[in-house]
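Colleague: In the numbering used here, each number is its position in the sequence shown, counted from 1, plus 1.
Calculated from the structure, these hints are not laboratory results. Each hint should be verified, as a subset may be incorrect.
The calculated BS3-like cross-link candidates involving lysine-lysine, where the alpha carbons are at most 25 Å apart (straight line), are [to be verified]:
#1 362 x 391
#2 491 x 443
#3 412 x 391
#4 549 x 259
#5 76 x 87
#6 211 x 306
#7 362 x 166
#8 110 x 91
#9 297 x 542
#10 87 x 391
#11 150 x 170
#12 150 x 211
#13 76 x 443
#14 328 x 355
#15 413 x 355
#16 297 x 284
#17 110 x 362
#18 542 x 302
#19 551 x 259
#20 413 x 391
#21 451 x 470
#22 297 x 259
#23 166 x 391
#24 451 x 76
#25 211 x 412
#26 110 x 355
#27 150 x 491
#28 355 x 170
#29 542 x 259
#30 297 x 217
#31 302 x 259
#32 413 x 110
#33 110 x 412
#34 170 x 391
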Amino acid sequence: MNPNKRDRSLIATAKNIALAIVGYFVISVIVGAMRGILPGLLFTGISFVLTLGLVGFVVYEIFLGRTETKTDADKRRMDATRRTLKEVTKTVFSFETVHPDMPIINVTKPERGVLIIAGAGSGKSASVIEPIIVQSIQQNFGGLLYDFKFPSLATVAKYAADACKTSTKLYYIDLEDLSRSHRVNPLRPDLMRTQSYADEYGKCILNNLKPESIQKSDYWTDEASSYLTAVIWFLREEYPQYCTLPHVVSLVLEDTIKVVELLSTNAETRGTVASLRGAIERKAEAQVAGIDSTLKTALRKINTKEIAWVLSGNDFSLNLNDPEEPKFVTLGNYDGLRGVFGPVLALIATVALKQMNQPGKQNSVVILDEAPTIYIPGLEHIPATARSNKVATVFAAQDIAQIEDAYGRLKKDTLIANLSNQFWGRVGLVGTAQYVAELWGKHEVVQTTKSVSKSTAGATIFSQATYSKSSSESRQERQRIQINDVTELKEGEFFGQLVESEYSSFKAQLKAPQIGPLPQMLPFQDISSEQIRANFLQIQKDVQEILKNKTNSTKKIAQPDDF
Numbered sequence: 002m003n004p005n006k007r008d009r010s011l012i013a014t015a016k017n018i019a020l021a022i023v024g025y026f027v028i029s030v031i032v033g034a035m036r037g038i039l040p041g042l043l044f045t046g047i048s049f050v051l052t053l054g055l056v057g058f059v060v061y062e063i064f065l066g067r068t069e070t071k072t073d074a075d076k077r078r079m080d081a082t083r084r085t086l087k088e089v090t091k092t093v094f095s096f097e098t099v100h101p102d103m104p105i106i107n108v109t110k111p112e113r114g115v116l117i118i119a120g121a122g123s124g125k126s127a128s129v130i131e132p133i134i135v136q137s138i139q140q141n142f143g144g145l146l147y148d149f150k151f152p153s154l155a156t157v158a159k160y161a162a163d164a165c166k167t168s169t170k171l172y173y174i175d176l177e178d179l180s181r182s183h184r185v186n187p188l189r190p191d192l193m194r195t196q197s198y199a200d201e202y203g204k205c206i207l208n209n210l211k212p213e214s215i216q217k218s219d220y221w222t223d224e225a226s227s228y229l230t231a232v233i234w235f236l237r238e239e240y241p242q243y244c245t246l247p248h249v250v251s252l253v254l255e256d257t258i259k260v261v262e263l264l265s266t267n268a269e270t271r272g273t274v275a276s277l278r279g280a281i282e283r284k285a286e287a288q289v290a291g292i293d294s295t296l297k298t299a300l301r302k303i304n305t306k307e308i309a310w311v312l313s314g315n316d317f318s319l320n321l322n323d324p325e326e327p328k329f330v331t332l333g334n335y336d337g338l339r340g341v342f343g344p345v346l347a348l349i350a351t352v353a354l355k356q357m358n359q360p361g362k363q364n365s366v367v368i369l370d371e372a373p374t375i376y377i378p379g380l381e382h383i384p385a386t387a388r389s390n391k392v393a394t395v396f397a398a399q400d401i402a403q404i405e406d407a408y409g410r411l412k413k414d415t416l417i418a419n420l421s422n423q424f425w426g427r428v429g430l431v432g433t434a435q436y437v438a439e440l441w442g443k444h445e446v447v448q449t450t451k452s453v454s455k456s457t458a459g460a461t462i463f464s465q466a467t468y469s470k471s472s473s474e475s476r477q478e479r480q481r482i483q484i485n486d487v488t489e490l491k492e493g494e495f496f497g498q499l500v501e502s503e504y505s506s507f508k509a510q511l512k513a514p515q516i517g518p519l520p521q522m523l524p525f526q527d528i529s530s531e532q533i534r535a536n537f538l539q540i541q542k543d544v545q546e547i548l549k550n551k552t553n554s555t556k557k558i559a560q561p562d563d564f
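Full structure from sequences and hints, please.
Modeller: In structure tokens form, the structure reads like this:
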């Protein structure tokens, strides 16, 4: 390191202090010897020297040592940073840093996807996710927020909306505390144009209830999915006023033979359940029982009166980025109930993304914190297909291994490749750290080796030996960043890669913006347990009426005004 002017001044001061101490000690010894008090002075002098030496060491570490560390850190930071020649005139999301030479990180194209990978305690929420929430609402984005630890991020959204007086209306889904939840029907008939929609939504529900089916399905799961699809589409076509997930679940849990007979009265759904109907006609009881058990066992998890209450109402439409009425919806999950709530929230998210990814809509954002805790079919392609419709996908996880567990290796690779703006914070798994190091690649390092040789040939008592100096250079390829550079990042410190910004790659310590005080999520609905139970029983009664009156159906497709 080449010391700067301040360093040289400190070094000179330290040298002067050292010379003064040595001079004092020498004079003390001489004077003490002359006066016969050498032992006492010697002890005092040694103690004084040791004390000042310790103080000098501490001062050196505080000032010079810190300066060296900071300079080394800056050098490593710049090694990982690559500037572009692009002049940013408009940005969407921006993040302040502590570095004077790189004060702001700008994400100018969030519609090309944002990936945030960082472990617990790395600062990804405070430094990246929360600023994105606040800035999205400030810009009147319609959107969807998945809050895995509800209401931790919901309060940030509420704070932003209250602070900037946005025209975007906020809604919340809380399946635990219904007094803090709005109601929504993701299976509204007007949101399912063809049976393909029902097929995708049915698979979404089953995949989340049976995660092992995501990467490897089997005959029983495929048939169960077809059965579920048929029930959804049948209600949409024949009983649109009852086309809700609670009605679907209640109907599936009825006697399978009766339900298949009912489904066979509709030309479309008759073909969908052809395999199951054939097994019933052949009296293949084991086959029927396998399909029946697979679907009913899965759906029983979400057959609760609380879920039935929330998903049988229509407080708002999932057309979130409607230019005339933009909405920002927070889906609240709870760690201990993720297996029950996750499938329902995944369905809502899937339907909302389907509606958002359409031309002519307002700019919108989908923010998924702890994203691998729910499975959204086709999510790996959304960043690539939705960018033209100005839908920004923000996907946050603790580790890429989580993504692979949830989506499989191929979908994980596709997802990461399609999320072009990436933030990598401190992670615990070496595999992820190695992945990040390889993203930054290698660079050529010039290493200089210096040597000094001594020659005594021809030396005499009157002439000294001769010395010669030499140096050589070698070029080596080394990783721009090392594995430990990733695993040892500070809280709020990130490596990143951006598209169409001032930096193609960077390493920076992000500032956590001062957000707050955050409001409380107070109840806004007055709901009694009797109302919730009565709604649950009414749904079961509706299903019984459907089974009794197979021919008494309506062909009218429900419209938004019907609800």
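Colleague: All hints, please: hold or fail.
Modeller: A quick look at each hint next to the structure:
no. : hint      : verdict
1   : 362 x 391 : holds (8 Å)
2   : 491 x 443 : holds (23 Å)
3   : 412 x 391 : holds (22 Å)
4   : 549 x 259 : holds (10 Å)
5   : 76 x 87   : holds (23 Å)
6   : 211 x 306 : holds (21 Å)
7   : 362 x 166 : holds (21 Å)
8   : 110 x 91  : holds (10 Å)
9   : 297 x 542 : holds (19 Å)
10  : 87 x 391  : holds (22 Å)
11  : 150 x 170 : holds (22 Å)
12  : 150 x 211 : holds (22 Å)
13  : 76 x 443  : holds (16 Å)
14  : 328 x 355 : holds (15 Å)
15  : 413 x 355 : holds (21 Å)
16  : 297 x 284 : holds (20 Å)
17  : 110 x 362 : holds (17 Å)
18  : 542 x 302 : holds (20 Å)
19  : 551 x 259 : holds (10 Å)
20  : 413 x 391 : holds (23 Å)
21  : 451 x 470 : holds (7 Å)
22  : 297 x 259 : holds (15 Å)
23  : 166 x 391 : holds (23 Å)
24  : 451 x 76  : holds (23 Å)
25  : 211 x 412 : holds (18 Å)
26  : 110 x 355 : holds (21 Å)
27  : 150 x 491 : holds (23 Å)
28  : 355 x 170 : holds (20 Å)
29  : 542 x 259 : holds (16 Å)
30  : 297 x 217 : holds (20 Å)
31  : 302 x 259 : holds (22 Å)
32  : 413 x 110 : holds (21 Å)
33  : 110 x 412 : holds (22 Å)
34  : 170 x 391 : holds (19 Å)
Violated hints: none; the structure is consistent with every hint.
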